[in-house]
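Let chain C serve as the given structure and place chain X on it in line with the hints.
These protein sequences, in sequence, are chains C and X. Residues 1 to 205 (my numbering) make up the first sequence, in order. Residues 1 to 50 (my numbering) make up the second sequence, in order.
One thing to keep in mind: the hints can contain errors.
With the C-beta cut set under 10 Å, the calculated list includes, among others, these residues of chain X facing chain C [stated by the list, open to error]:
1. Pro11
2. Met12
3. Cys32
In silico lysine to any residue, SDA-like type, Cα no more than 20 Å apart, as pairs [to be verified]:
4. X:Lys7 - C:Glu19
5. X:Lys10 - C:Phe20
6. C:Lys17 - X:Ser17
7. C:Lys17 - X:Pro42
8. C:Lys139 - X:Met12
9. C:Lys17 - X:Ile14
10. C:Lys17 - X:Met12
11. C:Lys11 - X:His29
12. X:Lys10 - C:Ser162
13. C:Lys11 - X:Phe18
Just so you have them, the derived chain X footprint on chain C, three or more residues with Cβ under 8 Å [as the list claims (entries may be wrong)]:
14. 32-39
15. 127-139
Treat the hints as calculated values from the structure; they're not laboratory data. We put the CB at the ideal spot given by N, CA and C, even for glycine.
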Amino acid sequence: MSTLLDKLIDKLHNYFKNEFELREVESIKLRYAMEAIINDLSKLLILLAIFALIGKPMELIYSFFTLSMLRPYTGGIHFKTYKGCLAFSVVFFIVAILLAYNITLNNTIVTIVSLLSLLIISLLAPVPAKTRPVYSPRKVCRFRLISGLIVSCHFVLYLLASKNPYIINSIWVIALQCIQILIGKGVSIYDGSVRKIQKAYEHSV
Amino acid sequence: MMALLGKFRKPMSILCSFLISMASIIVVHSSCAFLWGEPECPECLREGEV
Chain C
1 MSTLLDKLID
11 KLHNYFKNEF
21 ELREVESIKL
31 RYAMEAIIND
41 LSKLLILLAI
51 FALIGKPMEL
61 IYSFFTLSML
71 RPYTGGIHFK
81 TYKGCLAFSV
91 VFFIVAILLA
101 YNITLNNTIV
111 TIVSLLSLLI
121 ISLLAPVPAK
131 TRPVYSPRKV
141 CRFRLISGLI
151 VSCHFVLYLL
161 ASKNPYIINS
171 IWVIALQCIQ
181 ILIGKGVSIY
191 DGSVRKIQKA
201 YEHSV
Chain X
1 MMALLGKFRK
11 PMSILCSFLI
21 SMASIIVVHS
31 SCAFLWGEPE
41 CPECLREGEV
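The shape of chain C in the complex, shown without the other chains:
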């Protein structure tokens, strides 16, 4: 699948590059945007097909909607391969939907989940991919503020309509996304310390 998509991206990229005589920088930017958008769109279509087969397409749409609001501002775990990302996406949404079906939410659980999520977001978010640029403290603050607002809005929405299926799904998506931020931050701290030890070793040798 990823090879097919790569071929499609290559063809489109070549078409745009030759047809509009793009400069090198524009061509690189275009390819990056095409890879990001086409890969995510294809994964979303596969996810929709899988969840339609198991009879839960609406639950996927609810969960994806919440995630698509939160994830651009909080980041999280990243996978290097297309298959790894797709497999994790399927597991993530299945776990979120199973939790929504099997654990009945009440005010106490939602308050605890929301407060913990706000705490994790305000201390650890965002967790960007290693290849991304360093974000300025101002931007980090902005990302935290927006994601905090999204979590707070969902908490208020739960208080207003606690039986709404979208809200029930989204509370679990928020909880799982925050667990991921914890794991992602742990991984990035571990990677950072390994790199420091390697550098110190190289200097000593």
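This is chain X only, laid out in the frame that chain C set:
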């Protein structure tokens, strides 16, 4: 496919500009793509602090 694309030069030029601007938006205004994998960020987009 290329012949078909050639018939829609104007909309394709708009799409091309949109995609080029999207690259900066994805990197500068968000910390992550939607799902759990994203392409390697090109050097020209991660120069310095954003």
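* Which numbered hints turn out to be false for this structure? -> Checked against the structure, the hints that fail are numbers 1, 8, 11 and 12, while the rest are satisfied.
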